[in-house]
Amino acid sequence: MKKIVVLFMVILMTFSFVSCTNDTKQEETAANVEPNQENTEGKSEDVNMTIAVNAEIISLDPHNLSDTLSGSAADTMYESLYDYKLDMSLEPVLATGYSVSEDGLEYTFNIREGVTFHDGTELNAEAVKYNFDRVMDEEKNLRRRRNFLYVNSTEVIDEYTILIKLDSPFAPMINRIASLSVISPTALEEYGDQGILTNPVGTGPYTFEEWTPGDKMVVRANPNYWKEGPKIDTLTFKPVTENGARIAMLQTGEADYIYPMPTEQVKTVESDENIKVIEGPSTIARFTFLNMTKDIFSDVKVRQAINHAINKEAYAKVVKSGYAVPLTSHVPTTIEYQSPQPEYEYNVEKAKELMKEAGYPDGFATHIWAPNDTENMKGMQFISQQLAEIGIDVEVIPMEEGTLSDSIYSPQTPEESEVNMWYVSWSAFDIDGATTRLFHSSNIPPTSPNVSYYMSDEADKLMDAGATEVDPVKRAEIYAELQEVIWNDAPWIFLGSDVLLSAKRATTEGIFVDPSGGIIATEASTTK
Amino acid sequence: MKQYVLKRLLNIIPIMLVVSIIVFMFIHLIPGDPARIVAGQKATLEEIEIMREKLGLNDPYIVQYKNFMVGVFSGNWGTSIKSNLPVWNVIVPRIKPTLILAIFSIIWSVVAGISMGVISAIKRGKLIDYIVMVGATSGISVPLFWLGLMLMQIFSVKLGWFPTTGVDSFSSYVLPSITLGAGITAMIARYTRSSMIEILKENYIRTSRAKGLHEFMVINKHALRNSLVDVITIVGLQFGFLLAGSVLVETVFAIPGLGRLLIDSILFRDYTVVQTVLLIFTFQFIIINLIVDVLYGIANPKIRYE
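Just so you know, the sequences run in chain order A and B.
Numbered per the UniProt record's numbering, the first sequence spans residues 1 to 528.
Numbered per the UniProt record's numbering, the second sequence spans residues 1 to 306.
Please keep in mind that the hints were generated in silico from the structure rather than gathered at the bench.
Treat the hints loosely; a few may be bogus.
Unchecked claim - Partner residues are not named here, just some residues of chain B that face chain A (Cβ under 7 Å, in silico):
| # | residue |
| --- | --- |
| 1 | His28 |
| 2 | Pro31 |
| 3 | Gly32 |
| 4 | Leu45 |
| 5 | Ser83 |
| 6 | Val90 |
| 7 | Leu149 |
| 8 | Ser156 |
| 9 | Val157 |
| 10 | Lys158 |
| 11 | Val247 |
| 12 | Thr251 |
| 13 | Val252 |
| 14 | Pro256 |
Said to hold, decoys possible - Mimicking EDC-like on lysine to aspartate or glutamate, the simulated pairs with C-alpha atoms at most 20 Å apart in a straight line are:
| # | chain 1 | residue 1 | chain 2 | residue 2 |
| --- | --- | --- | --- | --- |
| 15 | B | Lys66 | B | Glu53 |
| 16 | B | Lys42 | A | Glu401 |
| 17 | B | Lys158 | A | Glu210 |
| 18 | B | Lys158 | A | Glu270 |
| 19 | A | Lys140 | A | Asp67 |
| 20 | B | Lys42 | A | Glu210 |
| 21 | B | Lys54 | A | Glu139 |
| 22 | A | Lys165 | A | Glu138 |
| 23 | B | Lys42 | A | Asp67 |
| 24 | B | Lys54 | A | Glu138 |
| 25 | A | Lys129 | A | Asp193 |
| 26 | B | Lys54 | A | Asp137 |
| 27 | B | Lys54 | A | Glu210 |
| 28 | A | Lys129 | A | Glu189 |
| 29 | B | Lys42 | A | Glu138 |
| 30 | B | Lys42 | A | Glu189 |
| 31 | A | Lys140 | B | Glu53 |
| 32 | A | Lys140 | B | Glu46 |
| 33 | B | Lys42 | A | Asp272 |
| 34 | A | Lys140 | B | Asp264 |
| 35 | B | Lys96 | A | Glu210 |
| 36 | B | Lys158 | A | Asp272 |
| 37 | B | Lys42 | A | Asp406 |
| 38 | A | Lys356 | A | Glu345 |
We treat Cβ as the ideally placed atom computed from N, Cα and C, and that holds for glycine.
Take the sequences, apply the hints, and build the full model.
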């Protein structure tokens, strides 16, 4: 025993005496091997592309996910009856068309013929019904169930026709249908609800190759895709949370596309001709809830004064590095039925005047909540500084996210609620999703995030009417009126809507980021 | 010695039980409702209620703890709240990257750290001593993510020697382990140096030199070996920390390791994963401590076990 230890020590020492100089040599040899490896990899016939993203893929079950990135990853393999195009309009995918009954209660969809799932199963009305039944199952409580609460039943009419019956008319139904990806029923039977997570089988442009939770997901081009698909062999989604590392990957060409592109680093890559930065509009609204049950925010004049006291251009510059546009309604312009309102121009004098009229000539003290990361801190500090100009003393209170969520949702009544201002963002596909949860009086905490405790009969009526009106022209009128009411009542500080930044290698084609932040790579190709 | 090890191994059981209670209490006492966080901002109240019921979050703490322990002993560690995958499927792929990173880092830190320490102890007060110690101090003070990003810019982007991120080949581990080991190298160098300096003043060193022993033997056989006890303590402790994963290095180099898993799971209030990961960490810390204690005796036979 003792001898072995001595031997070990001696080896260690001889090693260590030379190691100071040797250390670097070892690295060099290791380094020399590397480019060769890359060369051989490059010679293989596969064309591989990599998208580096800033978060992990949480789930690949398209019926049971709630984050955009997991949605993007699942969408490489799955498709729905209808889907959004880049401009947020809907196009038929696995359906060829649909019709709605006069009372708005029955939707009939024609299913595309000749489409097969990756496992060979044929797409037909039965398969679609199977998916509806799964997502609507209360027992399973999948996350997408919330989009189909109005659906009463589904019925197979013939091989390629399915009828969907609603309990009550629900105008955004077609938008919600778009959120239902169709999974192969055979695969669901075989793998079960948990197994399908790691064995995705859809009809999409890519088939599943591998996924290590927490690390990369690889998909391969589907040779039997029913329309024109990707012109590459494999596509990899790789989570790289550190901004600097994501940029480095793009610089070396290890990544062909990165999203999001960190706003503060745009200048560093601008001179690099191999890299192109892409800007696009978003469905993300950034705002601050003003709790209207608190005395200080109960007067509409105070809330309007606050909106006049905030310089939205400066907000975009200071907090979002210039990558935001002012909100012109409570929903961004990317949302259908958005109707722009007259702006709350930046005018400190007018704001002071309104504060005086409301009985607060010297302002008051309040506080603002948000998560404790850098960008949210910046946003809160900006609001605090701007409101100081009109005498409102805003204490910035950053919180860990779970704690914040508890503080918002555990109070059972408005009286118990302690929140004054909450700096937050919201993103939705349709105007109902971007409105009802945030403004309807039935959606105050703990039910939903109407944290302004905005309770207006007028707005409630309009929201209900908009959700059930099937005629698009009448619907547009209702929503225009609703947006005016909300805008004038100013239950929020209307701040801005994000501009989405992504970046690609100059050789990359066919990869896009849609306004909701989803990555679309159906027709990915590269000239590298 | 065998008896000692056996006794220590048996001790693990009560320790783990106590730790499991503490871990359980901590994660349930921090505010935040996993059902709401996992369901997302847009979830309906009904959806959250059903989820809470399903996850057993409405049960009294005692019942929840009992279920957790029953699960542990029956081998059913549960399902990750966040991803809906079995806990072990989430954790197991994370162990390898962290383990490789920890081993690489510790090897180069021990080799470089001890040599730097020995050299500067022998050349105490000379230029080389100052250079090494300045290097060591910077190694401790430099922020890990900065060092990581600098190395990445130089060796990956400019020179193209190593991949920027990931764990696809062994060369991917070079930059992360240099980054991770920098601080530990510095620490080992400083401990070795101070301990060597003390020992080189001892009488028996003078004796060995007086009897004409070669300087190499004096340093290696007598001085270094006696100064190793301190170093082993440091290495053991640091290795324990490394196995718990370095969140910063794992984040910078996009390494899917245990450290990042733990942080992400805490943010998500993914109770089942947090509990299991923390129990694993505790267990490996106990084992490493035991190994360190045994190594003491080998480095210094004067230490006896009872």
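Hint check results:
Because the smallest distance between the Cβ of His28 of chain B and any Cβ of chain A comes to about 12 Å, over 7 Å, the interface hint for this residue is violated. A hinted interface residue such as Pro31 of chain B counts as satisfied when its beta carbon comes closer than 7 Å to some beta carbon of chain A; here the least separation is about 4 Å, so the hint holds. Annotation: interface hint on Gly32 of chain B holds; nearest CB of chain A at approximately 2 Å, less than 7 Å. Interface hint status for Leu45 of chain B: upheld, as the beta-carbon distance to the closest one in chain A is roughly 5 Å, under 7 Å.
Interface restraint check for Ser83 of chain B: the shortest CB-CB distance to chain A comes to about 5 Å, inside 7 Å, so the restraint holds. Given the 7 Å rule on beta carbons, the hint for Val90 of chain B holds: about 6 Å separates it from the nearest Cβ of chain A. With a cut of 7 Å, the hint placing Leu149 of chain B at the interface with chain A holds, because the nearest CB-to-CB distance is about 5 Å. The restraint placing Ser156 of chain B at the interface with chain A holds, with a minimum CB-CB distance near 6 Å, inside the 7 Å limit.
The criterion of a C-beta within 7 Å of any C-beta in chain A is met by Val157 of chain B, whose closest approach is roughly 5 Å, and the hint holds. For Lys158 of chain B, the interface hint is violated, the least distance from its beta-carbon to any beta-carbon of chain A being 9 Å, above 7 Å. With its C-beta approaching chain A no nearer than about 10 Å, Val247 of chain B sits outside the 7 Å limit, and its interface hint is violated. For Thr251 of chain B, the shortest C-beta to C-beta distance to chain A is roughly 5 Å, which falls under 7 Å, so the interface hint holds.
Taking 7 Å as the C-beta contact cut-off toward chain A, the hint placing Val252 of chain B at the interface holds, the least distance being around 5 Å. The interface hint given for Pro256 of chain B holds, since its Cβ lies 4 Å from the closest Cβ of chain A, which is under the 7 Å cut-off. The straight-line distance between the Cα atoms of Lys66 of chain B and Glu53 of chain B is roughly 16 Å, inside the 20 Å bound, and the hint therefore holds. Our distance criterion of 20 Å between C-alpha atoms is met by Lys42 of chain B and Glu401 of chain A, whose separation comes to about 15 Å.
With a C-alpha separation of about 31 Å, the suggested pairing of Lys158 of chain B with Glu210 of chain A is violated against the 20 Å cut-off. Proposed proximity of Lys158 of chain B and Glu270 of chain A is supported: the alpha carbons are some 17 Å apart, at most 20 Å. With a C-alpha separation of about 19 Å, the suggested pair Lys140 of chain A and Asp67 of chain A falls inside the 20 Å cut-off, and the hint holds. For the hint pairing Lys42 of chain B with Glu210 of chain A, the CA-to-CA distance comes to about 30 Å; that exceeds 20 Å, so the pair is violated.
Between Lys54 of chain B and Glu139 of chain A the alpha-carbon distance is near 9 Å, which keeps this suggested pair within the 20 Å criterion. A threshold of 20 Å between alpha carbons decides the hint, and for Lys165 of chain A with Glu138 of chain A the separation of about 17 Å falls inside it, so the pair holds. Proposed proximity of Lys42 of chain B and Asp67 of chain A is supported: the alpha carbons are some 10 Å apart, at most 20 Å. Only pairs whose Cα atoms come within 20 Å are accepted, and Lys54 of chain B paired with Glu138 of chain A is accepted, the gap being roughly 12 Å.
At roughly 16 Å between alpha-carbon atoms, Lys129 of chain A and Asp193 of chain A fall within 20 Å of each other, so this suggested pair holds. Of the pairs offered as hints, the one joining Lys54 of chain B and Asp137 of chain A holds, with about 14 Å between alpha carbons and a cut-off of 20 Å not exceeded. A distance of roughly 29 Å separates the Cα atoms of Lys54 of chain B and Glu210 of chain A; the hinted pair therefore is violated under the 20 Å criterion. Pair hint Lys129 of chain A plus Glu189 of chain A holds up; C-alpha atoms about 14 Å apart against a cutoff of 20 Å.
With a C-alpha separation of about 17 Å, the suggested pairing of Lys42 of chain B with Glu138 of chain A holds against the 20 Å cut-off. Of the pairs offered as hints, the one joining Lys42 of chain B and Glu189 of chain A is violated, with about 29 Å between alpha carbons and a cut-off of 20 Å exceeded. Note on Lys140 of chain A and Glu53 of chain B: the hinted pairing holds, with a Cα-Cα distance of about 12 Å set against a maximum of 20 Å. Only pairs whose Cα atoms come within 20 Å are accepted, and Lys140 of chain A paired with Glu46 of chain B is accepted, the gap being roughly 13 Å.
Restraint check for Lys42 of chain B and Asp272 of chain A: not satisfied, since their Cα atoms lie roughly 40 Å apart, outside the 20 Å limit. For the hint pairing Lys140 of chain A with Asp264 of chain B, the CA-to-CA distance comes to about 25 Å; that exceeds 20 Å, so the pair is violated. Taking the CA atoms of Lys96 of chain B and Glu210 of chain A, the gap is about 17 Å. The hint holds against a cut of 20 Å. Taking the CA atoms of Lys158 of chain B and Asp272 of chain A, the gap is near 13 Å; set against the 20 Å cutoff, the hint holds.
The hinted pair formed by Lys42 of chain B and Asp406 of chain A meets the criterion: a straight-line CA distance of about 15 Å does not exceed 20 Å. Taking the CA atoms of Lys356 of chain A and Glu345 of chain A, the gap is about 18 Å. The hint holds against a cut of 20 Å.
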